[in-house]
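Chemist: Listed below are the residues making up each chain.
Number of protein chains: 2
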Amino acid sequence: MNNLNLKKHISGQFNTELEEVVNQVLVMGGLVEQQLIDAISAIHTQDLDLARLIVTKDQQVNLLEVDIDEDCTRIIAKRQPAASDLRLVLAIIKTITDLERIGDVAKRIGMMVIDNANKKQPPLVSMENMGLRTVKMLHEVLDAFARMDVVAAIEVHKEDAKVDREYESIIRELMTFMMEDPRSIPQVLNVLWCARSLERVGDRVQNIAEYIIYFVKGKDVRHRSDEDIYTLLDS
Amino acid sequence: MNNLNLKKHISGQFNTELEEVVNQVLVMGGLVEQQLIDAISAIHTQDLDLARLIVTKDQQVNLLEVDIDEDCTRIIAKRQPAASDLRLVLAIIKTITDLERIGDVAKRIGMMVIDNANKKQPPLVSMENMGLRTVKMLHEVLDAFARMDVVAAIEVHKEDAKVDREYESIIRELMTFMMEDPRSIPQVLNVLWCARSLERVGDRVQNIAEYIIYFVKGKDVRHRSDEDIYTLLDS
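Top to bottom, those sequences are chains Y and H.
According to this note's numbering, the first sequence is numbered sequentially starting from -16.
According to this note's numbering, the second sequence is numbered sequentially starting from -16.
Honestly, the hints are just simulated from the structure, not real lab data.
Hints are supplied without guarantee of correctness; some may be wrong.
Just so you know, same-sequence chains aren't split out, so a pair can sit in one copy or run between any two.
When the alpha-carbon atoms are kept at most 27 angstroms apart in a straight line, the in silico DSS-like pairs for lysine-lysine are as follows [what the hints assert, rightly or not]:
#1 Lys40 <-> Lys202
#2 Lys61 <-> Lys77
#3 Lys119 <-> Lys40
#4 Lys200 <-> Lys145
#5 Lys77 <-> Lys40
#6 Lys200 <-> Lys61
If we strip away everything but chain Y, and leave its shape as in the complex, we get:
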């Protein structure tokens, strides 16, 4: 299901501009996804060079956000889009904010790996698993974005409940670890912040899924219950 429907404009130039900005979002999404993959890999391998690289590369993500935002503003000013074109541009402006914040999570994990190097490590396997799930969610929502596919967006939206459950279990695991070895508290807190940030990646992927729904269905479903959102499929 491809709902982008960019062929309909009389102005071929306008088509090109919209297509280009959508492509830029996908480039930014791909970069953020790679940052997140690298961050989770760095948790596992404790590769400090990789961790430092992630921290440095975050600036690329930031610059892409500013560039795409500028492109969107220019399109609105020049093309005066209405209806679904306007919804697309506004959805993009919001999507890149969430992508940028997911980039920040990768950077934070990189910094945690650097800070915690050569110290006693708390258990990290569950966090890696949760991290891999959020990477999968991000990949799927970017796919859904590329095709403006509401069904796929809703599927990935539902996945977040699993991230929340994994997160609760990680918190319990890390609390037990701290109670048994209070000297480890500073390192464990560092890990806890990252676990919480990763849990928030799931929420941000949900946000992007909601912008896709907004674009295709013309309905703002933010702050609605999951059930409300999922019944949209039937309408």
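Put chain H on the given structure of chain Y with help from the hints.
Modeler: Structure of chain H alone, referenced to chain Y:
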């Protein structure tokens, strides 16, 4: 210094629409500010009724975000604003996202007060102080927004460094408390999440200050160093 400059439109109706949406942002800002004040008061008084009220009222904040967002979209579609009008509308769309998230922080604090009721409390005075500073920052940035005052926006932007220092000190205080009494870890973590959220309020106030700069100066200063931003005053 009033930079809103809404008198210049030929269409009186367009003026009214822009003024109304700016007023709505200030209404939303006032509500969020009150929620934050109440939340910090609830930390101090341990007033569970107040805490529950804050949690319930968060939905009002959410609805305002969706309403204002809709108004902005309608204005873009109908009035096809350009230049500073367009920047104003885009600055509003972003501002309300940050205001809504500050509302979430108040809600989270309310939930923490409820969760931690009748349990041994970690030290909370420093967190109240940091909370009061973020309230002051929020108040000042809303004032700056009402007048689109770049000088005031930069002043409040600078304040965040103090929040960051207070936050670091709170974390050290709470870590010490946990190490001395590991059984308190679950409650302290609850407080730590809130401290971290409050620290993020400072960042969100900085974002709003940056949107004011964007509107007035036409420059996107996100992800720039503080020094870069502050030299803008001279340009």
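Chemist: Would you mind marking each hint as holding or not holding in the structure?
Modeler: Here is how each hint holds up against the structure:
no.	hint	verdict
1	Lys40 <-> Lys202	between (35 angstroms within a copy, 23 angstroms between copies)
2	Lys61 <-> Lys77	both (20 angstroms within a copy, 21 angstroms between copies)
3	Lys119 <-> Lys40	within (21 angstroms within a copy, 35 angstroms between copies)
4	Lys200 <-> Lys145	within (26 angstroms within a copy, 44 angstroms between copies)
5	Lys77 <-> Lys40	both (22 angstroms within a copy, 25 angstroms between copies)
6	Lys200 <-> Lys61	both (25 angstroms within a copy, 20 angstroms between copies)
Consistency note: the structure conflicts with none of the earlier hints.
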